[in-house]
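Asker: What follows is the residue order along each chain.
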Amino acid sequence: METLHFTRPARAAEIQPALVGYVGSGDLEVMIEPLQGSQTEIHIQTSSPGSEIRWRQVIEQIEARISLPAMRMDIHDFAATPGVIRLRIEQAIELASAVEASA
Amino acid sequence: MTELTNTALNRTEQLGFIDLSARKRIESLLDSGSMRELLTPFDRLTSPWLEKQGIVPQFDDGVVIARGKLDDKPVVAAAIEGGFQGGSLGEVGGAKIAGILELAIEENRKGNPTAAVLMLETGGVRLQEANLGLAAIAEIQSAIVELRQYQPVIAVVTGPVGCFGGMSITAGLCSYLIITREGRLGLNGPQVIEQEAGVEEYDSRDRGLIWGLTGGIQRFATGLVDAFVDDDVSALATSVRDCLAAGVPTLHRSDDIASPLKRLQQFDTREQIDAQRARFTLTQGKTA
Numbered sequence: 001m002e003t004l005h006f007t008r009p010a011r012a013a014e015i016q017p018a019l020v021g022y023v024g025s026g027d028l029e030v031m032i033e034p035l036q037g038s039q040t041e042i043h044i045q046t047s048s049p050g051s052e053i054r055w056r057q058v059i060e061q062i063e064a065r066i067s068l069p070a071m072r073m074d075i076h077d078f079a080a081t082p083g084v085i086r087l088r089i090e091q092a093i094e095l096a097s098a099v100e101a102s103a
Numbered sequence: 001m002t003e004l005t006n007t008a009l010n011r012t013e014q015l016g017f018i019d020l021s022a023r024k025r026i027e028s029l030l031d032s033g034s035m036r037e038l039l040t041p042f043d044r045l046t047s048p049w050l051e052k053q054g055i056v057p058q059f060d061d062g063v064v065i066a067r068g069k070l071d072d073k074p075v076v077a078a079a080i081e082g083g084f085q086g087g088s089l090g091e092v093g094g095a096k097i098a099g100i101l102e103l104a105i106e107e108n109r110k111g112n113p114t115a116a117v118l119m120l121e122t123g124g125v126r127l128q129e130a131n132l133g134l135a136a137i138a139e140i141q142s143a144i145v146e147l148r149q150y151q152p153v154i155a156v157v158t159g160p161v162g163c164f165g166g167m168s169i170t171a172g173l174c175s176y177l178i179i180t181r182e183g184r185l186g187l188n189g190p191q192v193i194e195q196e197a198g199v200e201e202y203d204s205r206d207r208g209l210i211w212g213l214t215g216g217i218q219r220f221a222t223g224l225v226d227a228f229v230d231d232d233v234s235a236l237a238t239s240v241r242d243c244l245a246a247g248v249p250t251l252h253r254s255d256d257i258a259s260p261l262k263r264l265q266q267f268d269t270r271e272q273i274d275a276q277r278a279r280f281t282l283t284q285g286k287t288a
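Respectively, the protein sequence lines represent chains A and B. For the first sequence, the UniProt record's numbering begins at 1 and goes up steadily by one. For the second sequence, the UniProt record's numbering begins at 1 and goes up steadily by one.
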């Protein structure tokens, strides 16, 4: 198991707590909670060692598509592929941002 | 939208229960909008032992507990996430289930009838947490024995994991047990039995043998469970409501030991067991 931390610039936004996925084979759980300020903190626990570069690339790909809201994001990964990871993170952000859209 | 989808795909109204997550399972059975989860994932009550052993934890430790209503009557519910560590019960997850049952006991003592529904999808104790998991299962069992005097404790085993190990004893202690064709119930899992008894006696890859002995159809036919239902949310909800309406049984299955024990003692272990012989022994030929 490996623990990784990323801090990324983000925009201040009103979001709600969100949780998607579970820690099963090839899947992951993503939890989002609001964070004051203008950055996103990402805390990852992954069963795949040596995956820091891959995680960095996935996060960069998501940033290219979505402007990250300020949040704390916790990830428990159980050997998910980059495609599944991206899907879950985007799903969590969409759920967390639902309050923003309806406001 | 539902109507359109069903028409378009020419599907029946059936909604599978097995594919639902633990959280959705509780939500699907309780009265709409009545579910209130306790100790949610956002409380971050993870296993303190898995990380030390290099295993990724889950925020709810694979167990969801909630209060809610069934037919407008207060109930507590717990569901195990079979996909996380095989639905194994450790210190935290086990304490969550024991805690919600103890909460129901307190409510009953105060004069507020509160039943319990347990959705068991588990291989039993989490081996990485050993004695702490076993202690938690013992707490769950003693809570069930106390609670079932007041109100029904209803267990649901739908698969895909089934219910094994110490938690199969837990299931046996419940007032009512509901199973599907896909559900399995047994003390030891197939691989454990094969390892202990030898592949000649019990081949864990022989699916026909395994399902024939521990599958839902056999368990229902031999009277070890009370209801056999389809993998369908509304069928399960109806069955749970029926058990709730039936109230506290006059004789709990776990108090009726003499007659099944007598039947088991008549069994000749020199002959190879199969589904048919097991059924005959357990029913004395009086098949359902």
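Derived by calculation from the structure, the hints in this document are not laboratory data. One or more hints might be untrue.
[What the hints assert, rightly or not] Residues from chain B that face chain A, not an exhaustive set, calculated with beta carbons under 7 Å:
#, residue
1, Gly54
2, Val56
3, Trp211
4, Pro249
5, Phe280
Glycine included, every Cβ here is placed at the ideal spot set by N, Cα and C.
Asker: Each of the hints needs a verdict: does it hold here or not?
Answerer: Evaluated hints:
1. Gly54: Constraint on B:Gly54 satisfied, holds at 4 Å.
2. Val56: Since the shortest Cβ distance to chain A is 5 Å, the answer is holds.
3. Trp211: Nearest chain A Cβ about 22 Å off; hint violated.
4. Pro249: Violated - the Cβ of B:Pro249 stays beyond 7 Å from chain A, reaching only about 35 Å at its closest.
5. Phe280: violated, 39 Å
Checked against the numbered hints listed earlier, the structure breaks hints 3, 4, 5; every other hint is satisfied.
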